[in-house]
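Residue numbers (the numbering used here), protein chains in the order written: chain E, 1 to 255; chain F, 1 to 481.
Think of the hints as simulated: they come from the structure by calculation, not from any bench. One thing to keep in mind: the hints can contain errors.
[What the hints assert, rightly or not] In the SDA-like style, the derived pairs of lysine to any residue whose C-alpha atoms are separated by at most 20 Å in a straight line are:
#1 Lys454/F / Ser145/E
#2 Lys425/F / Ser145/E
#3 Lys470/F / Gly149/E
#4 Lys143/E / Asn458/F
#5 Lys454/F / Val92/E
#6 Lys425/F / Lys143/E
#7 Lys425/F / Asn108/E
#8 Lys454/F / Lys470/F
#9 Lys425/F / Gly149/E
#10 Lys454/F / Arg144/E
[Stated by the list, open to error] Covered stretches of chain E (in silico footprint by chain F; criterion: 3 or more residues with CB under 8 Å from a CB of chain F, positions within the stretch not fixed):
#11 14 to 26
#12 67 to 78
#13 192 to 199
#14 204 to 212
For glycine and all other residues, C-beta sits at the position ideal for the given N, C-alpha and C.
Single-letter residue listing:
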Amino acid sequence: MLRIMLKIKDLKASVEGKEILKGISLEVKAGEVHAIMGPNGSGKSTLSSVLAGREEYTVDGGSVEFFGKDLLEFAPEERAREGLFMAFQYPVEIPGVSTTNFLKTAVNQVREHRGLPALDAVQFLQNMKDKMKIVDIDQSLLKRSLNEGFSGGEKKRNEIFQMAMLEPKLSILDETDSGLDIDALKIVANGVNTLKSPENATIVITHYQRLLDYIVPDFVHVLLNGKIVKSGTKELAYELEERGYDWIKAEFANA
Amino acid sequence: MSKDAEILDEFTSKEYEHGWTVDLEADEAPKGLNEDIIRFISAKKEEPEWLLEWRLKAFRHWQKMEEPSWAAIKYPKVNFQDIIYYSAPKKQKKLKSLDEVDPELRETFKKLGISLEEQKRLTGVAVDAVIDSVSVATTFKETLAELGIIFCSFSEAVQDHPNLVKKYLGSVVPQNDNYYAALNSAVFSDGSFCYIPKGVHCPMELSTYFRINAANTGQFERTLIVAEEGAYVSYLEGCTAPQRDENQLHAAVVEIYVHADAEVKYSTVQNWYPGDKNGKGGIYNFVTKRGICAGDHAKLSWTQVETGSAVTWKYPSCILKGDYSVGEFYSVAVTNNYQQADTGTKMIHLGKGSKSRIVSKGISAGFSQNSYRGLVQVHKRSENVRNFSQCDSLLLGDKCGAHTFPYIEVDNSTAQVEHEATTSKIGEDQIFYCNQRGIDTEAAVALIVNGYAKEVLNKLPMEFAVEAQKLLALTLEGSVG
Ligand SMILES: Nc1ncnc2c1ncn2[C@@H]1O[C@H](COP(=O)(O)OP(=O)(O)OP(=O)(O)O)[C@@H](O)[C@H]1O
Ligand SMILES: [Mg+2]
């Protein structure tokens, strides 16, 4: 039987007094891929931020369990160390800090949390070399200041590279496909698939069915105005691509 | 007034009548400052007559000067008559082992990664014979002596190399330069002297760590460095370990004389006691540091990491007199809680084709105030001068302040002077990004701040740089989140 990894129940959240998530329920089991689609401003990024523990979002109700533990109790870094990863829709720049240095700090803090010894420089670089192949990222990029002056595509690739280095249990990819050219899209998708295992799970947030040709979802959910209004299989994604969201909006308004 | 004080008072007020009234046998001068106190200091140090005269001249200037008030710092007025200007160097109480050292201090040492041997030296724990710092210093001195390099305490230099001292003392910072420099010139206690002969490349970093005699140079330190033609030296002052001192006022002077084709690198890490979280206590640090690139193609480079002191007033400067001489200033100044720093540099371009570069990184947290104050001056007859200045401020939180006061005076139209300034905040989004990768907020701040200061930290000698990175993190501990 598949293990339940993430269990979201009636989650409500707001920012600056504005209600954004209006009761979301979702279950993710190990080995699964879930896609979340929905119009701009429907709350997709908010959901991932709330799961990752961003402070400016207030949880107003509901619960989230991660491997049976109350996720909402944890600080953001603890959630990450427990195995939650989020690829940012807009990756942040940190001047003067190379990706390598950044990741060395991250990997070793995560390892410490898991009771593993810190990696020395050689082990770390070896590990990095292996993972670089997965997303075909260039070493020179990793020496530069984190995300500073990176092209849109390079930033997204770097997010997946970080995911590969941190070996999370649950990854939330927030529009990782936007800004990627078709070749890069394939590479990134291929990277995600390579990292996929029966032990981990992925939530893919996207606007385009195209990505789902490469990362094939087990479930597709439609987020509308802070609620999941429809769930289905990957066929739902085709239908959305063809018909847009209006028919769902209408359906939902009538319901 | 106590009986003793009364008697003293009586005596000191009669001093001009009787001349010499301060007991030469005493280990300590009475509080206050007058010509007799200066005579006492000079006599105690067995100084030659000319040096006494030099001190007295400085004192007479000082009396006519006023404490400057233009810097962006606020502090209660210092009572200069309430200070003891001479005490015999006290022997530090020897501890048997590090276990006797204040645990809080040891914790800090650990965080800074200071070696056990160094910890012992700093806290006055007796060290065993093999790695005794005296023997290290002795071999060190022998190597230097073979090259003709002089590196000793200022007092020793006065005795052993009076002609050099006489020639260069005050040649860069005259006695009447400014209020604090005048005070220092009148009463300076001790400090370091360093002389690199013509064409000699000093093979090691000269560090105040290795000085044996001048460990407690006190509050009025005086340093003089001379690099003869074609010489090179890299000099390190201070250390990352926290420094406490009973004396609140510090007024040091550093003078550097760089001859043609010579190069001096001067690096400082300043970590004097900054006061507590509420701004109580802490050192007032009023420092005059200046060097002259006297000959053509001379180069002087200042690098400073300023994390300590309640009040910092400090402008390491370069007089670029030689043609094609080069001046550099790289600075990281961190202020937290109620600390105040007003620091920067002056680049005085006199020589033609002289170049200067200024990189200043201010970091303010808590309720602190952090100012950059810099002057770039190009004289009429200096052609083709170039200067580049980059002044960045980083704010942690919204109760602190960062200010930039760049003064540019250009009197020659061939000069190229560029100034760039930025102010940024550590973003919530940057910290969250780090958190999301498993990095806690403390480590995230350290990472971001060190990234920001990297250009300056890279200028420090390697092992100093690593310690300085840790020091930045430590200074800002608890300032975010
Ligand atoms: N920090 C914030 N302050 C104010 N409003 C916010 C904030 N974050 C999100 N919102 C609002 O919440 C709503 C949902 O935003 P969210 O970013 O979650 O949408 P999204 O579904 O990810 O959209 P997109 O497809 O454009 O990425 C929007 O109306 C947005 O303006
Ligand atoms: Mg979004």
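Structure-based check of each hint:
At most 20 Å may separate the alpha-carbon atoms for a hinted pair to count; Lys454/F and Ser145/E meet this at roughly 11 Å. For the given pair, Lys425/F sits about 17 Å from Ser145/E by alpha-carbon distance, which is consistent with the 20 Å threshold. Under the criterion of a C-alpha separation no larger than 20 Å, the hint pairing Lys470/F with Gly149/E is inconsistent with the structure, at around 27 Å. With a C-alpha separation of about 15 Å, the suggested pairing of Lys143/E with Asn458/F holds against the 20 Å cut-off.
Between Lys454/F and Val92/E the CA atoms are separated by roughly 19 Å; this keeps the pair inside 20 Å, and the hint holds. In summary, the hint linking Lys425/F to Lys143/E is not supported, as the alpha carbons are separated by about 24 Å, beyond the 20 Å threshold. A hinted pair counts as satisfied when its Cα atoms are at most 20 Å apart, and Lys425/F with Asn108/E does not qualify at roughly 27 Å. Our distance criterion of 20 Å between C-alpha atoms is met by Lys454/F and Lys470/F, whose separation comes to about 13 Å.
Between the alpha carbons of Lys425/F and Gly149/E the distance comes to roughly 19 Å, so the proposed pair stays at or under 20 Å and holds. At most 20 Å may separate the alpha-carbon atoms for a hinted pair to count; Lys454/F and Arg144/E meet this at roughly 13 Å. Only residues whose C-beta sits within less than 8 Å of a C-beta in chain F count toward coverage, and the segment 14 to 26 of chain E has 0 of them, not enough to reach three; the restraint is violated. Counting residues of the segment 67 to 78 of chain E whose CB lies closer than 8 Å to any CB of chain F gives 3, which reaches the minimum of 3, so the coverage claim holds.
Beta-carbon proximity to chain F at under 8 Å applies to 0 residues in the segment 192 to 199 of chain E; the threshold of 3 is not reached and the given coverage is violated. Given a C-beta distance limit of less than 8 Å, the hint that chain F covers the segment 204 to 212 of chain E is violated, as 0 residues qualify and 3 are needed.
Of the numbered hints listed earlier, those contradicted by the structure are 3, 6, 7, 11, 13, 14.
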